[in-house]
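Same order as they appear, the protein sequences are chains A and B. Numbering-wise, the numbering used here comes out as the position in the first sequence, counting from 1, plus 13. Numbering-wise, the numbering used here comes out as the position in the second sequence, counting from 1, plus 13.
Heads up, a few of these hints could be off.
Because identical chains share one entry, a pair is satisfied inside a single copy or across any pair of copies.
[Stated by the list, open to error] Simulated pairs of lysine-lysine, BS3-like, Cα-Cα distance not exceeding 27 Å: (1) 69 - 23; (2) 376 - 137; (3) 191 - 21; (4) 114 - 204; (5) 430 - 391; (6) 338 - 569; (7) 366 - 69; (8) 486 - 569; (9) 487 - 338; (10) 338 - 195; (11) 366 - 453; (12) 191 - 23.
Simulated from the structure, these hints should not be mistaken for laboratory data.
There are 2 protein chains.
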Amino acid sequence: MSENLFAKHKATLDGALAAIHSRDYFSPWSENPSPRAYGETAAADGEAAFQAHLNKPFDLDMPGISGRVGGEVSPYGIELNVQYPTVDMDKLLPAMDDARKAWRDQGVEGRTGICLEILDRLNKRSFEIAHAVMHTSGQGFMMAFQAGGPHAQDRALEAVVYGYETMASVPAQATWTKPQGKHDPLVMEKKFTACGRGVGLVIGCSTFPTWNTYPGLFASLVTGNPVLVKAHPAAVLPAAITVQVAQDVLKEQGLPPHIVSLFVDADPSQPETMALAQRPEVKLVDFTGNTAFGDWLEQNCPQALVYTEKAGANTIVIDSTDDFKGMVRNLAFTLSLYSGQMCTTTQDIFVPKDGIETDLGHKSFDEVVEAIATGVSKFLSDPDRAAMVLGAIQSEATAQRIEDSRGLGTVVRDSEKLTHPQFENARVRSPLIMTIDADKEDIWGQELFGPISFIVRTESRDHSIELARDVVKKHGAITMGCYSSDDVQLDKIEEAALDACVALSINLTGGVFVNQSAAFSDFHGTGGNPAANASLADHAFVANRFRFVQSRRHPK
Amino acid sequence: MSENLFAKHKATLDGALAAIHSRDYFSPWSENPSPRAYGETAAADGEAAFQAHLNKPFDLDMPGISGRVGGEVSPYGIELNVQYPTVDMDKLLPAMDDARKAWRDQGVEGRTGICLEILDRLNKRSFEIAHAVMHTSGQGFMMAFQAGGPHAQDRALEAVVYGYETMASVPAQATWTKPQGKHDPLVMEKKFTACGRGVGLVIGCSTFPTWNTYPGLFASLVTGNPVLVKAHPAAVLPAAITVQVAQDVLKEQGLPPHIVSLFVDADPSQPETMALAQRPEVKLVDFTGNTAFGDWLEQNCPQALVYTEKAGANTIVIDSTDDFKGMVRNLAFTLSLYSGQMCTTTQDIFVPKDGIETDLGHKSFDEVVEAIATGVSKFLSDPDRAAMVLGAIQSEATAQRIEDSRGLGTVVRDSEKLTHPQFENARVRSPLIMTIDADKEDIWGQELFGPISFIVRTESRDHSIELARDVVKKHGAITMGCYSSDDVQLDKIEEAALDACVALSINLTGGVFVNQSAAFSDFHGTGGNPAANASLADHAFVANRFRFVQSRRHPK
């Protein structure tokens with residue numbers, strides 16, 4: 014308890030607090046895996062630390078450890094063979110619930126300081142985590158470093174500062190003085206304590222094992238709830254390292270380390286997780302994954318608040334452009350990055366059947382399609398760049414989905430099996446692009462997770478907007494994009510996005526992509542369409558994870 | 014649109030914003046129904062305005078009006094015979110949903126200004142509303158004025174400022190500038206729009222037809238949601254006046270008046286309300302009432318967010334006191350006020366079987382009981398004061414419950430039928446107080462709504478605390494009180510209240526009562542025990558009623 018962690022990290026906290034209100038760029042950490050930012054030996058040390066985990070038991074400090082399990086296989090073809098502890102939930106969950114009092118009594122600043130210290134240490138282990146993310150999710154190294162390291166830490170910090178701000182909005186103590194005319198005023202001394210709700214369960218996914226886990230983990234933790242991280246069985250290591258770092262800090266502060274715990278199920282099917290999510294100790298559930306399970310959680314865990322990010326059909330409306338080449342370049346990267354395995358990747362691109370107006374003159378529907386297909390192929394023609402940007406396909410199911418989808422439309426760019434320059438057994442696939450008619454919404458309206466996209470032939474510019482709006486309302490979306498050089502159409506598109514409650518990116522032709530969102534500035538998901546019931550992050554994401562409990566008395 | 018209502022009411026807004034953070038006393042309105050505060054003719058004008066509603070149709074501006082209904086009978090024995098419009102929900106709800114865009118486009122300050130103007134006008138009609146509240150709820154006039162008028166307006170204002178603060182925490186426009194080393198920075202212009210979720214449904218109760226309706230109404234309204242007020246069939250008039258005032262302001266601002274609408278069901282049973290709460294347009298439900306219906310709403314409206322205040326068993330632990338007479342006086346008022354028909358009134362008072370230590374020496378269990386029973390009788394011995402404080406029993410069911418409860422314990426103070434000095438047919442009853450053994454928790458643990466309380470004979474001081482904590486965890490509570498002059502016991506009680514997540518009032522012997530909470534300072538309900546899933550008011554109460562929808566583009 015010696016070090017005041019809140020004071021230590023106050024500058025980071027203040028910077029983040031300013032950023033969530035200004036929505037300007039902010040990050041306390043470098044997204045560049047450079048020796049200058051992380052130290053001369055950081056890259057080598059991180060890789061060695063990752064290697065040291067392989068083929069070994071992974072130790073965590075939890076009551077009720079019952080055995081070991083682990084069967085991760087890297088999408089790059091390496092068996093990790095890390096053995097994680099399994100736990101008897103009848104022992105762990107009551108112990109976590111008991112730890113609530115100690116965690117509550119740390120107070121708002123105490124918990125905030127500990128969360129910030131955990132994040133600081135996670136940042137220092139970004140290279141190790143990057144390799145763990147790469148070899149579970151299949152992301153290329155640079156993306157695994159950025160999205161799995163500093164960008165995930167940014168989203169965690171964002172959740173921490175939202176939680177801090179909401180809790181700190183009410184003072185721990187206050188005096189209430191009510192005038193009574195000529196009589197003495199009524200005076201009360203009041204105490205307000207932010208109390209967590211119970212145990213938080215965070216159900217992670219295999220594609221972003223830190224980025225999608227951290228917001229729920231840190232939002233629940235800072236607001237006073239012990240957190241059980243239920244890692245995806247195919248992507249445990251990044252979560253396990255995270256839990257280990259958190260436990261180290263908790264132990265140093267004299268707190269029960271199992272305030273942050275890990276659950277790994279032997280079987281990737283869901284019955285065990287379903288039972289866990291319905292446990293009486295579990296009062297908060299954060300979930301990233303498929304719509305069916307997300308819907309089940311929302312409807313079958315009445316004892317808990319459930320925050321979900323599920324599937325959707327992300328769309329781009331191409332109406333017109335004054336930078337045709339820039340648009341094509343931007344789309345080529347968007348469709349290629351991590352082989353479309355982002356919840357933000359565009360699936361449906363709407364183009365009017367009569368084509369569009371551009372700075373290079375009128376382009377027919379077929380010319381637009383050809384430009385996009387060729388743009389992707391050209392972008393991926395350098396094998397090193399292709400390997401770095403595409404990464405590997407996380408699961409065999411996604412690889413199979415590509416095979417199964419070829420008949421759904423007219424293939425204009427086929428997916429190919431590529432050989433990775435470093436990992437000969439890597440599961441690498443390039444994007445599959447098809448054209449399809451607008452009336453086949455039953456096909457293009459469903460999410461087809463992976464590098465599969467449709468260019469949808471619409472009746473008109475307005476028809477494109479209508480389709481884009483309606484598919485979001487029906488199936489949900491995390492992102493919507495558009496290209497238009499016509500202000501009248503842009504106004505219509507903005508209104509459609511507001512109506513469908515989806516974030517809109519307009520005319521991206523440079524270094525910002527529709528599938529990337531910046532913490533502290535961009536809301537990830539709106540929580541207002543079927544793709545997600547929450548947003549990363551806002552006050553709604555944190556405010557109900559704790560309750561204010563007050564006492565009042567007259568002064569002595 | 015001529016007047017800037019936000020600027021007009023900015024000082025009120027700023028005062029309320031400061032108060033929710035300082036938690037000091039605040040109210041922009043006088044709780045004193047005095048000519049100086051409200052004008053020389055306000056009392057007479059208000060009563061005349063109330064009288065003018067009786068035996069007449071009540072007009073509201075809504076699409077789909079289909080007929081008239083109304084059968085309110087005052088607990089003071091007067092038939093109101095006000096006839097309210099009934100509405101075809103297939104016409105009204107789609108029209109309300111259509112009005113969302115116009116309401117959204119008012120922006121954060123526009124909506125806030127309109128809400129503040131509505132509140133200002135409601136305050137000016139506090140006398141009229143007081144009579145309407147009195148003759149529906151049965152509250153005495155003074156309480157009807159305060160709780161139905163300025164205190165209800167305070168809670169509404171509190172919801173408005175929480176909504177405003179949360180929405181205004183993100184700017185409508187922002188510039189994001191990300192450095193790129195030696196290259197030009199990436200720059201994005203971003204817009205953020207607070208968008209309501211859909212139609213808000215507010216289900217009112219018969220005992221506090223404005224105080225319990227306003228928070229949900231104004232929280233949903235300010236955050237961009239048209240609101241349908243479903244008044245309790247026995248207490249429509251206060252809600253109808255409120256909706257009329259809101260519609261006047263909306264019309265003056267060129268907005269569809271049905272952004273605030275009223276639903277009155279002919280039949281006090283629930284099927285019509287159940288269907289309404291499940292309508293696809295309804296995305297928010299606020300409910301005050303019985304646990305069974307509250308639980309049903311929480312579990313059967315997956316399309317909506319549901320905020321409930323339900324029943325509970327409020328408790329007081331009597332451990333010891335250094336002001337025995339002050340304690341008894343305070344309890345006498347608490348048990349008498351509005352005949353115990355407050356969701357905050359104490360039902361169970363825990364006293365150790367071996368008695369307590371006081372400033373007047375040791376008091377045996379029987380002496381404590383006798384003092385409380387006599388204290389209530391003495392307090393009510395003045396018929397005018399009794400009539401003013403007790404008010405009338407709102408429903409025949411509550412009156413019957415008193416009759417049915419006599420056999421549940423040992424009666425130490427019987428309930429009497431009293432005659433009201435002004436209203437000969439008023440349904441007036443004094444409090445029923447019984448003693449009961451601690452092991453009969455099946456009896457004292459259930460809420461018995463009305464002037465029915467138990468003094469529970471416990472094994473010891475610690476046993477009292479244990480029982481008080483456990484009953485809140487099991488059945489919920491809005492309030493907990495305690496009397497102790499022993500700091501060790503007080504610490505245990507405070508820990509029990511934190512553990513059970515219930516607001517605690519300590520050693521109240523003066524002019525503050527456990528059943529009263531002050532807006533901007535006291536949280537009404539914690540939202541963390543079974544009595545309520547929300548608190549009035551905090552960020553959690555408002556933050557999820559709207560979503561931020563953003564668009565971003567590079568600057569031109």
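How the hints compare with the structure:
no.: 1; hint: 69 - 23; result: neither (38 Å within a copy, 64 Å between copies)
no.: 2; hint: 376 - 137; result: neither (50 Å within a copy, 64 Å between copies)
no.: 3; hint: 191 - 21; result: between (39 Å within a copy, 26 Å between copies)
no.: 4; hint: 114 - 204; result: within (17 Å within a copy, 42 Å between copies)
no.: 5; hint: 430 - 391; result: within (16 Å within a copy, 91 Å between copies)
no.: 6; hint: 338 - 569; result: between (75 Å within a copy, 17 Å between copies)
no.: 7; hint: 366 - 69; result: neither (58 Å within a copy, 62 Å between copies)
no.: 8; hint: 486 - 569; result: neither (58 Å within a copy, 30 Å between copies)
no.: 9; hint: 487 - 338; result: neither (32 Å within a copy, 65 Å between copies)
no.: 10; hint: 338 - 195; result: between (78 Å within a copy, 24 Å between copies)
no.: 11; hint: 366 - 453; result: within (15 Å within a copy, 76 Å between copies)
no.: 12; hint: 191 - 23; result: between (35 Å within a copy, 23 Å between copies)
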